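Sequences and hints are given; from them, build the entire structure.
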Amino acid sequence: MEKTINLTVNGETRSIAVDVNQTLLEVLREDLGLTGTKKGCNQGECGACTVLMDGKPVSSCLVLAVKADGKTVMTIEGVAKDGSLHPIQETFNQKGAIQCGFCTPGMILTTKNLLDKNPNPSLGEIKEAISGNICRCTGYVQIIEAITSLAKEKNARGGV
Amino acid sequence: MNKPNYTQVGRSVPRIDGPLKVKGEAIYTDDMVLPRMAYGKIKRSPYAHAIIKKIDYSKALELPGVIAVITGEDGPNKWGIVPQTANEVALAVGKVRFWGEGVAAVAAIDEETAEAALDLIEVEYEPLPVLLDPQESMQRANEVRIHEDAPENILHAGEQLFGDPDKAFAECTYVLEKEFHTSYVNHAFLEPHTALASFDTPSGQLQMWSSTQVPHYLHRQLSIVLEMPMNKIRVTLPAIGGAFGGKGEASPADFCAALLSRKIGRPVKVTYERSEVFATNKGRHPCHMKMKIGLDQDGYIQAIDFDNTLDGGAYAGWGIVVMFYTASMIHLPYKVPNARARVRRVYTNKPTCGAMRGLGGVQPRYAMECMLDEMAEMVGISPYELKMKNAVESGYLSVSNLHVPHTEYKKCLQTAVEKSGYLEKHGKLPFGKGIGLAGGYYISGTAYTLYQAYKPHTTVLIRVDTEGGVTVHCAAADIGQGCNTVMAQMAAEELGIRYEDVHVVSGDTETGTFDLGSFASRLTYASGVAIKDAAAQINQKLKEVAAGMVGCRADQLEIKDGRFYSKFEPKKAIEWEKVVDVYTNAVGTLVGIGHFSPPRLKGIDLTRGKRVQGANIGHSPTFGFSCQIWEVDVDLETGKIRVAKVTEAGDCGQAVNPMSVDGQVEGSIMFAMGQALYEEMRLDAEGKMINASLHDYKVPTAMELPEIDTTIVDSYDPTAPFGVKESGEGPVQPTIPAITNAVYDAIGVRFTDLPITPEKVLRALKEKQALNSECSGS
Numbered sequence: 001m002e003k004t005i006n007l008t009v010n011g012e013t014r015s016i017a018v019d020v021n022q023t024l025l026e027v028l029r030e031d032l033g034l035t036g037t038k039k040g041c042n043q044g045e046c047g048a049c050t051v052l053m054d055g056k057p058v059s060s061c062l063v064l065a066v067k068a069d070g071k072t073v074m075t076i077e078g079v080a081k082d083g084s085l086h087p088i089q090e091t092f093n094q095k096g097a098i099q100c101g102f103c104t105p106g107m108i109l110t111t112k113n114l115l116d117k118n119p120n121p122s123l124g125e126i127k128e129a130i131s132g133n134i135c136r137c138t139g140y141v142q143i144i145e146a147i148t149s150l151a152k153e154k155n156a157r158g159g160v
Numbered sequence: 161m162n163k164p165n166y167t168q169v170g171r172s173v174p175r176i177d178g179p180l181k182v183k184g185e186a187i188y189t190d191d192m193v194l195p196r197m198a199y200g201k202i203k204r205s206p207y208a209h210a211i212i213k214k215i216d217y218s219k220a221l222e223l224p225g226v227i228a229v230i231t232g233e234d235g236p237n238k239w240g241i242v243p244q245t246a247n248e249v250a251l252a253v254g255k256v257r258f259w260g261e262g263v264a265a266v267a268a269i270d271e272e273t274a275e276a277a278l279d280l281i282e283v284e285y286e287p288l289p290v291l292l293d294p295q296e297s298m299q300r301a302n303e304v305r306i307h308e309d310a311p312e313n314i315l316h317a318g319e320q321l322f323g324d325p326d327k328a329f330a331e332c333t334y335v336l337e338k339e340f341h342t343s344y345v346n347h348a349f350l351e352p353h354t355a356l357a358s359f360d361t362p363s364g365q366l367q368m369w370s371s372t373q374v375p376h377y378l379h380r381q382l383s384i385v386l387e388m389p390m391n392k393i394r395v396t397l398p399a400i401g402g403a404f405g406g407k408g409e410a411s412p413a414d415f416c417a418a419l420l421s422r423k424i425g426r427p428v429k430v431t432y433e434r435s436e437v438f439a440t441n442k443g444r445h446p447c448h449m450k451m452k453i454g455l456d457q458d459g460y461i462q463a464i465d466f467d468n469t470l471d472g473g474a475y476a477g478w479g480i481v482v483m484f485y486t487a488s489m490i491h492l493p494y495k496v497p498n499a500r501a502r503v504r505r506v507y508t509n510k511p512t513c514g515a516m517r518g519l520g521g522v523q524p525r526y527a528m529e530c531m532l533d534e535m536a537e538m539v540g541i542s543p544y545e546l547k548m549k550n551a552v553e554s555g556y557l558s559v560s561n562l563h564v565p566h567t568e569y570k571k572c573l574q575t576a577v578e579k580s581g582y583l584e585k586h587g588k589l590p591f592g593k594g595i596g597l598a599g600g601y602y603i604s605g606t607a608y609t610l611y612q613a614y615k616p617h618t619t620v621l622i623r624v625d626t627e628g629g630v631t632v633h634c635a636a637a638d639i640g641q642g643c644n645t646v647m648a649q650m651a652a653e654e655l656g657i658r659y660e661d662v663h664v665v666s667g668d669t670e671t672g673t674f675d676l677g678s679f680a681s682r683l684t685y686a687s688g689v690a691i692k693d694a695a696a697q698i699n700q701k702l703k704e705v706a707a708g709m710v711g712c713r714a715d716q717l718e719i720k721d722g723r724f725y726s727k728f729e730p731k732k733a734i735e736w737e738k739v740v741d742v743y744t745n746a747v748g749t750l751v752g753i754g755h756f757s758p759p760r761l762k763g764i765d766l767t768r769g770k771r772v773q774g775a776n777i778g779h780s781p782t783f784g785f786s787c788q789i790w791e792v793d794v795d796l797e798t799g800k801i802r803v804a805k806v807t808e809a810g811d812c813g814q815a816v817n818p819m820s821v822d823g824q825v826e827g828s829i830m831f832a833m834g835q836a837l838y839e840e841m842r843l844d845a846e847g848k849m850i851n852a853s854l855h856d857y858k859v860p861t862a863m864e865l866p867e868i869d870t871t872i873v874d875s876y877d878p879t880a881p882f883g884v885k886e887s888g889e890g891p892v893q894p895t896i897p898a899i900t901n902a903v904y905d906a907i908g909v910r911f912t913d914l915p916i917t918p919e920k921v922l923r924a925l926k927e928k929q930a931l932n933s934e935c936s937g938s
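Residue numbers (this note's numbering), protein chains in the order written: chain A, 1 to 160; chain B, 161 to 938.
None of these hints come from the bench; they were simulated from the model.
Since the structure is predicted, the reported quantities are computational estimates derived from the model, not experimental observations.
The list that follows gives simulated cross-link-like pairs (lysine-lysine, DSSO-like), each with its CA atoms no further than 30 Å apart:
no., chain 1, residue 1, chain 2, residue 2
1, B, K928, B, K450
2, A, K152, B, K579
3, B, K183, A, K127
Here's what the structure looks like:
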């Protein structure tokens with residue numbers, strides 16, 4: 001059974017006919033071609049499919065597309081602006097917070113949500129925020145270093 | 161030899177694929193969609209051991225949208241990463257040997273239809289007794305045989321004897337014998353296996369995109385299963401979402417995609433679900449080990465006796481290699497004058513074990529480092545002192561013919577001990593708190609071709625022209641470890657330019673020159689040799705042109721920072737680009753081709769099959785080393801182990817990219833910590849995996865991350881290109897024993913099986929308490 005949903009994805013309003021059993025992850029990847037959102041487990045455990053829905057991180061494999069009707073969704077493709085990397089992306093790149101890159105999109109969106117609501121997170125708050133995003137390559141250290149340095153920068157600039 | 165002043169090697173630069181990855185624009189295989197592409201799914205066995213009586217897929221074919229169904233008969237040729245033991249098939253033929261083994265595959269217009277079709281395939285099985293324990297498997301081999309050609313249910317067994325351990329033990333002052341058991345763990349890389357095959361019927365060409373770390377071996381195995389010449393197959397690697405050994409052989413996803421594509425003349429993509437990643441496993445071998453170590457009165461190791469039964473699961477895979485590695489790995493990083501290893505790799509009805517980060521080293525290292533910890537207590541010295549006494553030095557040749565041209569292992573031990581305050585803390589912390597030390601090492605640059613050949617293991621072609629600039633071609637696999645970036649740095653160093661100006665074309669059997677693959681920590685070393693070789697040819701030709709432009713002899717020119725200059729009059733200089741421009745105008749595109757072949761050691765003769773025993777890792781040109789010190793808090797109420805701090809010091813030779821080395825080391829530490837404390841695949845009595853998901857199979861998250869302090873110790877191997885060694889597998893070696901030693905220091909209990917769960921800790925504490933009260937009561 002199909003249903004038409006209206007949602008804003010990365011700033012663009014989209015009207016899409018979806019199957020009622022389709023997940024948001026499937027719609028993003030298959031219907032909208034936004035393949036930066038990754039499927040690692042399809043059970044909401046690995047965090048690779050994290051997107052921001054109305055500003056909050058969700059596992060898009062657990063969200064039925066019809067539940068995204070009327071919502072605003074940001075995927076990794078919507079993070080860079082006007083061709084230049086977002087500071088989080090730039091810092092992840094500079095600090096070695098990436099290896100295979102499969103967790104990276106979800107990790108960056110989780111980080112964005114964290115820093116948007118808490119520009120000065122403690123180490124414990126950072127760990128907790130990214131605890132739903134599994135990274136098997138880096139051991140998290142350089143990811144946390146990247147987030148910490150972003151927080152410092154943000155504070156130095158008086159918040160962004 | 162003095163360490164040269166490098167400008168590109170030794171720089172902590174970002175990955176060359178970093179920008180694409182942070183934007184979410186790096187393309188992984190499952191991101192690809194081709195015109196007319198069909199989706200493949202695999203029907204899997206609900207039995208761990210059964211005869212396939214009948215497969216009826218007529219109803220599946222009737223389902224609208226289903227294009228084709230294949231079974232084992234469609235591609236029955238046996239494949240295997242080790243040709244001598246190849247016994248796997250794309251889909252089961254006649255019999256299934258583990259839960260989850262593929263029995264049929266469907267191609268349909270979409271995934272949903274393909275899945276629905278799987279339910280319509282009717283398979284009739286005759287269940288057979290299931291063997292899940294290697295001891296039971298050997299004992300019941302007369303009654304239950306997993307493979308017809310393995311009458312004892314043993315893939316292979318080996319014995320290696322060096323010196324006279326029995327005589328040596330008789331003369332030892334301290335002898336300890338213990339058993340250790342390691343667990344059944346999976347790589348849990350984030351990107352499931354995925355393959356996209358596109359067969360062009362008119363030309364008979366097959367294009368494969370696959371998430372693999374061994375494009376060359378996948379290429380060969382496709383050729384065998386599909387009965388197609390290799391020159392009709394091209395393997396291309398999109399971005400790879402982690403591998404850790406788990407993509408170190410072909411997977412049925414590759415074969416099913418290729419067979420289905422050839423059958424229907426359309427592209428077919430097969431991407432595994434997470435449960436299928438677990439079901440097809442190829443993770444670390446559980447090892448049941450008995451180890452005996454003898455020390456003389458001064459604490460010097462005199463002999464080791466090692467007996468290892470490897471639980472291999474259903475098929476051969478990397479098994480024989482892993483088995484011999486476990487035997488070989490006892491010979492370092494300490495001097496062992498007498499040693500015996502008896503090893504056997506046994507079939508069971510489990511998803512097959514294979515290669516996993518630090519292959520063959522992790523298990524014996526666990527036993528050996530724990531035992532040396534205890535033996536230090538017997539001798540009455542600290543484990544640090546015992547390990548320093550026995551540690552190898554540069555130039556060491558083991559009795560098994562492993563040659564260590566260079567090592568800073570002692571510096572690793574010293575650094576970690578000093579930075580952690582180990583000597584002040586060990587044995588002196590309050591009950592429940594502990595500190596543990598362990599060392600380790602891994603091969604670097606080694607590998608045989610798994611089929612018998614002497615061809616170079618890596619070839620690098622460097623192309624220089626005014627149009628494309630500098631491009632390094634090599635069919636190496638960047639699986640996330642960052643080899644493309646490291647190759648760019650090494651090429652830039654040797655050519656005298658900046659790494660930012662080097663393009664890398666890798667992971668493709670057609671556009672890349674030959675490489676064996678990303679495994680055995682071989683690539684930095686191997687590609688480094690080949691890059692130096694190729695760049696030297698280019699530099700020679702450019703110098704001849706530059707000489708005329710600068711006005712000095714070619715052999716007096718140096719190249720650095722993008723300039724050719726006279727080493728006697730550095731002001732006499734010319735820009736690198738200008739020289740290239742003149743060269744290309746006169747001659748055309750300039751190429752250099754370099755090769756790497758591992759050193760051939762005396763007595764190893766692959767083609768005639770004569771081998772010096774123990775030489776399995778003997779081809780390793782050098783070795784990386786690591787020492788780790790772990791500090792733990794054991795919660796006496798809950799049994800939970802909290803890791804407070806890890807101090808690591810590693811010898812990776814010259815770090816090409818220190819930031820990348822840190823990432824390898826930190827990643828290794830967390831990876832191995834998972835096996836020590838949390839991870840284990842569990843099977844029920846029928847062999848069905850009961851935790852085949854990332855919900856139930858617990859890998860470390862950021863919440864488990866302890867404070868980690870790593871040091872790249874100053875090191876330079878003068879025999880290695882740019883002085884390099886490995887950094888991605890050595891640091892997984894010390895983790896498990898260092899944690900175990902720390903727990904021992906905390907509560908006085910030695911855990912000899914993994915993972916060390918809170919339940920095991922509580923049970924042990926209870927037993928200890930009971931024992932204590934018994935003692936005090938008597």
